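Asks: Work out the full structure, taking the sequences as your base and the hints as a guide.
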Amino acid sequence: MDYTAYLGRCLLFFFIAVFLDAAGLILFFVGIFAPISFWDFFVFSGPLIIFLSLVFWIFWYLGNLDVPVEESLPK
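Our numbering puts the first residue of the sequence shown at 1029, with every later residue one more than the last.
Source of the hints: derived by calculation from the structure; they are not laboratory data. Note that the coordinates shown come from a computational prediction; the quantities given were computed from them, not determined experimentally. Among the clues, some could well be false.
The calculated label-pair distances, taken between Cβ atoms and stated as ranges, are [said to hold, decoys possible]: (1) T1032 x V1071: 14 to 22 Å; (2) F1066 x L1093: 38 to 46 Å; (3) V1046 x P1096: 24 to 32 Å; (4) L1040 x F1079: 51 to 59 Å; (5) I1060 x D1030: 38 to 46 Å; (6) S1073 x L1093: 27 to 35 Å; (7) F1072 x P1096: 43 to 51 Å; (8) F1072 x G1036: 16 to 24 Å; (9) A1033 x S1100: 23 to 31 Å; (10) V1046 x V1071: 16 to 24 Å.
The beta-carbon is built from N, C-alpha and C at its ideal position, and this holds for glycine as well.
Replies: Given below as structure tokens:
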């Protein structure tokens, strides 16, 4: 099955962004629900990792943009 029709051309950036989102969400929920004394580390680091995944979402989006050849040529 051709995944590029659904996910685009930049699969590496897509999977890194999804992995960072999942890791950040897991850390956030561990900080909220686990009875540990250093819960604030997890509560703050989870959203920080999710925010850093935004860089890879932007790379994925920019890698999937189609620019016509006519626009890239000088006038």
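Asks: With reference to the structure, classify each hint as holding or not holding.
Replies: To see whether the hints hold, each was checked on the structure:
In this structure, T1032 and V1071 break the distance hint of 14 to 22 Å, their C-beta atoms being roughly 37 Å apart. Against the hinted window of 38 to 46 Å, the Cβ-Cβ separation of F1066 and L1093 comes to about 42 Å, which satisfies the hint. Checked against the hint of 24 to 32 Å, the C-beta distance between V1046 and P1096 comes to roughly 30 Å, which is consistent with it. Checked against the given bound of 51 to 59 Å, the beta carbons of L1040 and F1079, roughly 20 Å apart, lie outside it.
The supplied range of 38 to 46 Å is met by I1060 and D1030, whose beta-carbon atoms lie about 39 Å from each other. Checked against the given bound of 27 to 35 Å, the beta carbons of S1073 and L1093, roughly 32 Å apart, stay inside it. For F1072 and P1096, the Cβ-Cβ distance of about 44 Å falls inside the hinted range of 43 to 51 Å, so the restraint holds. Checked against the hint of 16 to 24 Å, the C-beta distance between F1072 and G1036 comes to roughly 32 Å, which is inconsistent with it.
Taking 23 to 31 Å as the suggested C-beta distance range, the pair A1033 and S1100 conforms, at roughly 24 Å. Roughly 22 Å separates the CB atoms of V1046 and V1071, a value that falls within the hinted 16 to 24 Å.
When each numbered hint is compared with the structure, violations occur for hints 1, 4 and 8.
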